[in-house]
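Just need the whole structure built from these sequences, with the hints factored in.
Number of protein chains: 2
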Amino acid sequence: MSIDTSIERILDAALEELAEGGARRTTMNQIADAAGLGVATVYRRFPRKAQLVEAVLVREAQRVIEAVDAAIGRAQTVEEQSAAGFTTFAHAVADRPFLVRLMRGDGELDGEAVRPGELADRVMVLVRDYIAHFVRDLQAEGRYLGVDADVVAEIQARLALSLVLAPDGRIPMHDDAATREFATKYLVPLLGVE
Amino acid sequence: MSIDTSIERILDAALEELAEGGARRTTMNQIADAAGLGVATVYRRFPRKAQLVEAVLVREAQRVIEAVDAAIGRAQTVEEQSAAGFTTFAHAVADRPFLVRLMRGDGELDGEAVRPGELADRVMVLVRDYIAHFVRDLQAEGRYLGVDADVVAEIQARLALSLVLAPDGRIPMHDDAATREFATKYLVPLLGVE
Numbered sequence: 052m053s054i055d056t057s058i059e060r061i062l063d064a065a066l067e068e069l070a071e072g073g074a075r076r077t078t079m080n081q082i083a084d085a086a087g088l089g090v091a092t093v094y095r096r097f098p099r100k101a102q103l104v105e106a107v108l109v110r111e112a113q114r115v116i117e118a119v120d121a122a123i124g125r126a127q128t129v130e131e132q133s134a135a136g137f138t139t140f141a142h143a144v145a146d147r148p149f150l151v152r153l154m155r156g157d158g159e160l161d162g163e164a165v166r167p168g169e170l171a172d173r174v175m176v177l178v179r180d181y182i183a184h185f186v187r188d189l190q191a192e193g194r195y196l197g198v199d200a201d202v203v204a205e206i207q208a209r210l211a212l213s214l215v216l217a218p219d220g221r222i223p224m225h226d227d228a229a230t231r232e233f234a235t236k237y238l239v240p241l242l243g244v245e
Numbered sequence: 052m053s054i055d056t057s058i059e060r061i062l063d064a065a066l067e068e069l070a071e072g073g074a075r076r077t078t079m080n081q082i083a084d085a086a087g088l089g090v091a092t093v094y095r096r097f098p099r100k101a102q103l104v105e106a107v108l109v110r111e112a113q114r115v116i117e118a119v120d121a122a123i124g125r126a127q128t129v130e131e132q133s134a135a136g137f138t139t140f141a142h143a144v145a146d147r148p149f150l151v152r153l154m155r156g157d158g159e160l161d162g163e164a165v166r167p168g169e170l171a172d173r174v175m176v177l178v179r180d181y182i183a184h185f186v187r188d189l190q191a192e193g194r195y196l197g198v199d200a201d202v203v204a205e206i207q208a209r210l211a212l213s214l215v216l217a218p219d220g221r222i223p224m225h226d227d228a229a230t231r232e233f234a235t236k237y238l239v240p241l242l243g244v245e
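Top line first, the protein sequences correspond to chains S and Y. The numbering of the first sequence is my numbering, which starts it at 52 and goes up by one. The numbering of the second sequence is my numbering, which starts it at 52 and goes up by one.
These aren't lab readings, by the way, just hints derived from the structure by calculation. Among these hints, one or two may not hold up.
Remember, identical chains collapse to one label, so a pair may be satisfied in a single copy or spanning two.
Using 20 angstroms as the maximum straight-line C-alpha spacing, the simulated SDA-like pairs for lysine to any residue come out as follows [claimed, not checked]:
no., residue 1, residue 2
1, K100, E131
2, K236, G197
3, K100, R125
4, K236, Y195
Please read all numbers here as calculations on a predicted model, not as lab measurements.
In structure tokens, the structure reads:
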């Protein structure tokens, strides 16, 4: 088996086990068993459980980004792209309860490995830079020049992250059409009047 | 000493000790010593440390609200009130690092007592309802009728909370004038055009 194949198998097994048992309780032995590999192989690829947890997180984050990219690619106008991007992000994260629990810090990691607040901060920066890039592309075409791309992006990133970490509230997060309507009415205008 | 006086003394001492040592490491004995009271008295008022931590938090939250109320009371226009309220809230919370650490879940409580994610959720609801009340008062005067008061309030509450929990970013949080300018340019327009 190639190194890449075994890493993918370890990550698949780790995601499954971590999602079920949480990061604290899941052992490297359990993950090795689930992957059908010896625990020595797992330790060779990931010397510490924290590294494996982080690798799982990074891969999940990439998957969320791919889903958002695809949704934006299918939309036509800026308004549709914004609304589709926000809605897809919200649902792609919500579908990954392990990611949500880790960022919320619901006793999963207990100080070990990634600290929940720090993880959420890093995700915020990733999302902000992704949105800022999108806004700058529009500004390069002469649109929405009245706003600071980083600031607008950070407002949206912080709001999106808050909503996936704690979806209960008056902003509709459990119904695709309602989430999209919210994004269109309240988030798109943050870009400013053209 | 009256019950009220001893409770105030315990809360004062607890705030000091908790801010310094964190909720996990601080003992009821330390708090009793700092308050100049016997530990039996402390336990009579607060049978469990978690209850004492919660009482400290509630009192700090009330103080933040009083500061925001005072700032809003001094402002004249809606725009000034929004900007002053947001800026005062941000700084009143940032001045209470113990509150911030507890909500961030930086290993302070370790599953015991208040869970960080739940605490942040409760604060969000408090802040949202406070802002929604403010927006509804304006709507009762026929202003800003185009928005859902709860939704606008929740956007602002989630953003404010995110910014106090993780102030580093492209939104200026360390300089009063800049924070106020940000609020005026990006948050006040969320209320919609009159």
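We went through each hint and held it up to the structure:
1. Taking identical chains as interchangeable, the C-alpha atoms of K100 and E131 are never at most 20 angstroms apart, the minima being 41 angstroms within one chain and 51 angstroms between chains.
2. In the homo-oligomer, the alpha carbons of K236 and G197 lie at most 20 angstroms apart both inside one protomer (19 angstroms) and across protomers (10 angstroms), since each shortest distance falls under that limit.
3. Proximity of K100 to R125 under the C-alpha cut-off of 20 angstroms is found in neither arrangement, the shortest distances being 38 angstroms within a copy and 54 angstroms between copies.
4. In this homomeric assembly, K236 and Y195 come within 20 angstroms of each other (Cα to Cα) both inside a single copy, at 17 angstroms, and across copies, at 14 angstroms.
When held up to the earlier numbered hints, the structure conflicts with 1 and 3 and fits the remainder.
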